[in-house]
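Asks: Sequence:
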Amino acid sequence: MRTLLLGAIALFIVSCGETAEDLNAESIIAKAIETSGGATIDTSLIAFQFRDKFYRADRNNGRFKLERCTDAACKDTLDQLTNADFKRFVDQQEVTLSDSLVASLSGGVNSVHYFSVLPYGLDAKAVKPELVGEATIRGKHYYEVQVTFSEEGGGEDFEDTYMYWINKTDFTVDYLAYNYHVNEGGTRFREAYNIREVEGIRFADYNNYEPAEKFPPLQSLDSLYTSGSLSLLSKIELEDVTVE
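Using mature numbering (1 follows the signal peptide of the UniProt record, and there is no 0), the letters of the sequence shown map in sequence onto residues -20 to -1, 1 to 224.
Among the clues, some could well be false.
The calculated lysine-lysine pairs, modelled on BS3-like cross-linking and capped at a C-alpha distance of 30 Å, are [what the hints assert, rightly or not]:
1. LYS45 / LYS215
2. LYS55 / LYS67
3. LYS148 / LYS120
4. LYS120 / LYS215
In short, the hints are calculated from the structure, not lab data.
Based on the provided sequences and hints, a complete structural model is requested.
Replies: Printed below as a string of structure tokens:
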């Protein structure tokens, strides 16, 4: 299923005028971010509901305020993560938290916002991308880009490893997989569906799958998916998405 990048394809011309030889992990990610509306995300206010919580992300060219609320008006319990710190407000009053709870809550807020706008953010300094191969999934051709993180700036989960299957024609992220290490760890594979565009930003919901093996090679997940060897754990669905 999978082929290595060979010099023989160097003359293949992609739509942007670059040859396949010119494309490396960084340029593929840059195209994917552009395709998903990265320039709009840079200066946007995005709101959505995920399960029983309400989320808002206010971004301004590197500055951000990421919020999670238990009610739509954000007056009950509000968790707020910014470039500077993390705060929790209950009944609109800030409460004191232990360091361990700050780490747990901020990680939860960041995770949902991170996944909501992928591949946005994959050009951060802490990201270490590598083009590891190509694959064909359901008749479509993909670049396989593996992402690891440096310890500095990589957050608490810097040891996690991700794989992105980026469409070779339109540079959309249609599938992704990752190994994580918190709570005994595991592996997940996500299939994008319900693709829609809101004010120039591409959003997707995901079928969230689990393999029988705890930490299989991430490059094997597409084969396990197409062979029906993954178990559907949950659906990741963003509701009532708005962009300003």
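Asks: Give a verdict on every hint.
Replies: Here is what the structure says about each hint:
1. LYS45 / LYS215: Answer holds: LYS45 to LYS215 is near 26 Å, not above 30 Å.
2. LYS55 / LYS67: holds, 14 Å
3. LYS148 / LYS120: Judged against 30 Å, a Cα distance of about 8 Å means the pair holds.
4. LYS120 / LYS215: Cα-Cα ~23 Å, so holds.
Checked against the numbered hints above, the structure violates none of them.
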